[in-house]
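Student: Residue-level listing of the chains:
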Amino acid sequence: MKEKIMQIVTKYDADRTRLMDILLDIHDMQGYVDDENIEVLAEALGMSEAEVNETISFYHFFTKTPRGKFTVYLNNSITAVLRGRDAVKSAFEVACGTKFGAVSEDGLFGLFDTSCIGMNDQGPAAIINDRIFTNLTVYRVKELIKGLKEGKKLNELVYESNGDGNNADKDMQSMVQNNIRKGMFLLNKDYNKYEILKEDLSKHSPEEIIQIIEDSNLRGRGGAGFPTGLKWRFGRRVDGEHRIIICNADEGEPGTFKDRVMLTEYPDLVFEGMVVAAYATGADIGLLYLRYEYKYMLKFLNRVLDEMREHNLLGNKILGIKDFDFDIRIQLGAGAYVCGEESALIESLEGKRGEPRDKPPFPVERGYLGYPTIVNNVETLASAVKIVKYGAEWYKGFGTKDSLGTKLLSVSGDCRFPGIYEVEWGTSIREVIEMCGADDVQAIQVGGPSGVLIGVKDVDNLGATDLMKWYKPSGMMVAQKIYDRKLSYSDLPTGGSIIIFNNSRDLLREVVMNFMDFFIEESCGSCSTCRNLPFVMKQKLEKILDGHGVRQDIDDLLNWGKIIKVSRCGLGQTAANPILSSILNFRGLYEKDVKAMTDFDNIFDIEKSVDAANKYLGRKTEFHHN
Amino acid sequence: MNDTIKFKIDSQEIVAKKGQTIVEAAKDNGVYIPTLCNFEGVKPKGCCRMCTIKVNNRFMTACTTPAAAGMEVENDSAELNDIRKSIIELLFVTGNHFCPSCEKSGNCELQAFGYRYQMMVPRFPYNFPQKGIDASSPKIIKDQNRCIMCKRCIKTIKDEEGRNYFAFQNRGSELAVVLDKKLGKEMTDELAKLAMENCPVGSIIYKEIGFEKPIGTRKYDKQPIGSEIEV
Numbered sequence: 001m002k003e004k005i006m007q008i009v010t011k012y013d014a015d016r017t018r019l020m021d022i023l024l025d026i027h028d029m030q031g032y033v034d035d036e037n038i039e040v041l042a043e044a045l046g047m048s049e050a051e052v053n054e055t056i057s058f059y060h061f062f063t064k065t066p067r068g069k070f071t072v073y074l075n076n077s078i079t080a081v082l083r084g085r086d087a088v089k090s091a092f093e094v095a096c097g098t099k100f101g102a103v104s105e106d107g108l109f110g111l112f113d114t115s116c117i118g119m120n121d122q123g124p125a126a127i128i129n130d131r132i133f134t135n136l137t138v139y140r141v142k143e144l145i146k147g148l149k150e151g152k153k154l155n156e157l158v159y160e161s162n163g164d165g166n167n168a169d170k171d172m173q174s175m176v177q178n179n180i181r182k183g184m185f186l187l188n189k190d191y192n193k194y195e196i197l198k199e200d201l202s203k204h205s206p207e208e209i210i211q212i213i214e215d216s217n218l219r220g221r222g223g224a225g226f227p228t229g230l231k232w233r234f235g236r237r238v239d240g241e242h243r244i245i246i247c248n249a250d251e252g253e254p255g256t257f258k259d260r261v262m263l264t265e266y267p268d269l270v271f272e273g274m275v276v277a278a279y280a281t282g283a284d285i286g287l288l289y290l291r292y293e294y295k296y297m298l299k300f301l302n303r304v305l306d307e308m309r310e311h312n313l314l315g316n317k318i319l320g321i322k323d324f325d326f327d328i329r330i331q332l333g334a335g336a337y338v339c340g341e342e343s344a345l346i347e348s349l350e351g352k353r354g355e356p357r358d359k360p361p362f363p364v365e366r367g368y369l370g371y372p373t374i375v376n377n378v379e380t381l382a383s384a385v386k387i388v389k390y391g392a393e394w395y396k397g398f399g400t401k402d403s404l405g406t407k408l409l410s411v412s413g414d415c416r417f418p419g420i421y422e423v424e425w426g427t428s429i430r431e432v433i434e435m436c437g438a439d440d441v442q443a444i445q446v447g448g449p450s451g452v453l454i455g456v457k458d459v460d461n462l463g464a465t466d467l468m469k470w471y472k473p474s475g476m477m478v479a480q481k482i483y484d485r486k487l488s489y490s491d492l493p494t495g496g497s498i499i500i501f502n503n504s505r506d507l508l509r510e511v512v513m514n515f516m517d518f519f520i521e522e523s524c525g526s527c528s529t530c531r532n533l534p535f536v537m538k539q540k541l542e543k544i545l546d547g548h549g550v551r552q553d554i555d556d557l558l559n560w561g562k563i564i565k566v567s568r569c570g571l572g573q574t575a576a577n578p579i580l581s582s583i584l585n586f587r588g589l590y591e592k593d594v595k596a597m598t599d600f601d602n603i604f605d606i607e608k609s610v611d612a613a614n615k616y617l618g619r620k621t622e623f624h625h626n
Numbered sequence: 001m002n003d004t005i006k007f008k009i010d011s012q013e014i015v016a017k018k019g020q021t022i023v024e025a026a027k028d029n030g031v032y033i034p035t036l037c038n039f040e041g042v043k044p045k046g047c048c049r050m051c052t053i054k055v056n057n058r059f060m061t062a063c064t065t066p067a068a069a070g071m072e073v074e075n076d077s078a079e080l081n082d083i084r085k086s087i088i089e090l091l092f093v094t095g096n097h098f099c100p101s102c103e104k105s106g107n108c109e110l111q112a113f114g115y116r117y118q119m120m121v122p123r124f125p126y127n128f129p130q131k132g133i134d135a136s137s138p139k140i141i142k143d144q145n146r147c148i149m150c151k152r153c154i155k156t157i158k159d160e161e162g163r164n165y166f167a168f169q170n171r172g173s174e175l176a177v178v179l180d181k182k183l184g185k186e187m188t189d190e191l192a193k194l195a196m197e198n199c200p201v202g203s204i205i206y207k208e209i210g211f212e213k214p215i216g217t218r219k220y221d222k223q224p225i226g227s228e229i230e231v
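Sequence order for the protein chains is V and S. Each step along the first sequence adds one to the number in our numbering, with nothing skipped, and position 13 is 13. Each step along the second sequence adds one to the number in our numbering, with nothing skipped, and position 56 is 56.
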């Protein structure tokens, strides 16, 4: 075994910044990394064993113990719960003969929960040995496990045929469906592969490309809404031996799956966007950070990259342009929501835990391995290509004054047509409801951030403090009274996750609790506030839901929610938002559960606490209070 | 003259050397900004959030943010001090801190902050989590009940080859700082003592000698934390 581990280490030149890849390879080989392996790794990489374990224990899909011949990761996002996840979960437990969080005695099945896997429009879904199984029901689970016990292969057990479009590609063969419901110019096959690179790129100087993007007012589509042209300009003017373009494909915000669809159907557009960005900024290294949940696309995506290399669209002297050397490597993640934050993503790329960095310095100043680094979202890069092709003026024909262009929405939850909708900015929530066929709507979770719009143009005088203004995200749960608000950077900004809940849903017990569990699970733990407060606030919410709440408890939640805003990153700052926005918009639900006539309840229930003792002693206590 | 800059903390003018962080500049000017995870000589990593200040009305951490000319920093305000107090309370309720029986009492920065911010009863309920104690090293005890994940030991205690004795494990509320089993067994006396000294709380305790200096005569028994800086 030691030899095999050393082969893997050698493959990556014993470079500890490639620890993610080393660990991923070891998992591919045997499914886990045990203490013996860690000893070998530590020795070979010049680290202490505890340091190696530091990275391993951070990521959800890394493990030190075997997780079964077949490892089931059942997605626990809220829409999966709404669509019968509990029954599916029990069916797995019965069929596999083990509880979740454990491996069956024969070592055949391991069952584990996992955060949103980007399949909200076709849940409950599970990842089984890197293959996605969607639309799970009790029946399907029985069939699946029966088949596996009979020795069938996973691909023989796909219930339906392969999904639509490239999901059926020979290198993907996945049952995932795209569910594209509405396309405009991003989701549009109007363009020929690589034509922008081959025909348009060399017509413009790098500065001109940046100018076009700036003129178009394109803003980051991952959520924070940072002006893309400004980021490119900033990256270009910072000196560095290398410059890095990173495409962030770690969409982990519960309820988003747009990047999955973009990468399935328009991977060339995304990669072309990276080449355009590299040309504009003078970058020579490209990295696409793909979340582990989308590993089933890896082979397919690498094929596209190979094709681009054949066409001289990657590699040395791209398109014959002097000094334009640029190539792209796909880095797989290993299961951590926080890695969607750009500096955490960079830490992860360097083989470390995905802990966000302190800013300043910003990645554009000092990013991956200390080099100036530009991190753009999948959708942003694809948009940039279309803008270069059709021009900034054309682009300004879409959207509203402060939010130009279109936005991909990932719609899921209680509606008849969940899926991907490409809409113009400025679309109201009411229109989204009509589009996706939702009735009897109680609430809508509009995920993503809420930055304040500032008109920064003067890049040279832009200080770190100005940059800070963009790092201010928050998702919110909206009620009917604001359905006429519009999706835009100035009104209701969003990374694109829209989850709809109808009136039969228990917003607090089902939805808010689910979101709080998500934030507790996904916090990196670095900040004292984000590590501890969501947990403490959830306890308080439970107190209210258990009927022990008093009015003061609601105010406490609001006040405690303010403290968490001092956390380092967007995940931390927004970790209390499920509670805060539900109090803001659905305060009645809280008021209903609190005791109005008393201002003190310490949760202590004497009758309950002596219950067990009474049971064993077979006696009944008489209480002299009422 | 060129390598100094001027900015303001709570409308007091601060003269700083270029490249200094706000915490360092404040200290040189007799202004105290409370810090807990920050440790002189190693790269700061805003973990505890105690040094949260407001720069142009935005929350920032003073230990990581370089001072810049013309900055307007808010430090000693009711809002910020209440946030700091709440962080201390949060650390108390999510661990098991029993000061009277702790070897570090009087030298403990968490305890000292409890006094400085006049913590009476924390606003958050106590959790009394189940946490372990690792006494496998012949030199130190790593008591997880008292660890506040400040990372000071991770950043400062290394061997000659730069390998870390301490490291994070897991994430979120499961996060723990653990001692490397192998390195822990070979720890020198000197390093073990340094680890205890660098730990702001009583999570790293040097074995064999205890309570060498009686409680009541220790650092913060005599003067409140921060008073060594405040003018």
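By construction, these hints were calculated from the structure, which means they are not laboratory data. For clarity, every value in this text was computed on a predicted model and none was experimentally measured. You may find that some hints are simply not true.
Only pairs whose alpha carbons sit at most 25 Å apart, straight line, appear in this in silico SDA-like list of lysine to any residue [as the list claims (entries may be wrong)]: (1) V:Lys543 x S:Lys182; (2) V:Lys299 x V:Asp21; (3) V:Lys565 x S:Tyr126.
The following label-pair restraints were derived from C-beta to C-beta distances [stated by the list, open to error]: (4) S:Glu160 x V:Lys146: 41 to 49 Å; (5) S:Ser101 x V:Ile606: 23 to 31 Å; (6) V:Glu310 x S:Glu186: 47 to 55 Å.
Covered stretches of chain S, going by a simulated chain V footprint (3 or more residues, C-beta under 8 Å) [claimed, not checked]: (7) 21-30; (8) 63-73; (9) 77-88; (10) 91-101; (11) 168-175; (12) 185-198.
All C-beta atoms, glycine included, are put in the ideal place defined by N, C-alpha and C.
Student: Between the region 185-198 of chain S and chain V, see if three or more residues pass the 8 Å beta-carbon test, and mark the coverage as holds or violated.
Tutor: violated (count 0)
Student: Holds or violated: the 23 to 31 Å window for the beta-carbon distance between Ser101 (chain S) and Ile606 (chain V)?
Tutor: holds (30 Å)
Student: Sort out whether Tyr126 (chain S) lies within 25 Å of Lys565 (chain V), counting only the CA atoms.
Tutor: Given that 25 Å is the threshold and the Cα spacing comes to 22 Å, the pair holds.
Student: Take the region 77-88 of chain S, compare each residue's beta carbon with every beta carbon of chain V, and decide whether three or more fall closer than 8 Å.
Tutor: holds (count 3)
Student: Run the distance test for Lys543 (chain V) versus Lys182 (chain S): straight-line Cα separation, threshold 25 Å.
Tutor: violated (44 Å)
Student: State whether the coverage of the region 21-30 of chain S by chain V holds or is violated, taking the criterion as 3 or more residues with Cβ-Cβ distances under 8 Å.
Tutor: violated (count 0)
Student: Tell me whether the statement that chain V covers the region 91-101 of chain S is true, taking a Cβ distance below 8 Å and needing three residues at minimum.
Tutor: holds (count 3)
Student: Do three or more residues from the region 63-73 of chain S put their C-beta atoms closer than 8 Å to C-beta atoms of chain V?
Tutor: holds (count 5)
Student: Tell me if the beta carbons of Glu160 (chain S) and Lys146 (chain V) are separated by a distance inside 41 to 49 Å.
Tutor: violated (58 Å)
Student: Taking a Cβ-Cβ distance under 8 Å as contact, does the region 168-175 of chain S have three or more residues in contact with chain V?
Tutor: n = 8 at 8 Å, threshold three: holds.
Student: Taking 47 to 55 Å as the hint, is the beta-carbon distance of Glu310 (chain V) and Glu186 (chain S) inside that range?
Tutor: holds (54 Å)
Student: Starting from Lys299 (chain V), check that the Cα of Asp21 (chain V) is at most 25 Å away, please.
Tutor: Holds, at roughly 15 Å.
This entry does not satisfy hints 1, 4, 7, 12, going by the numbered hints stated previously.
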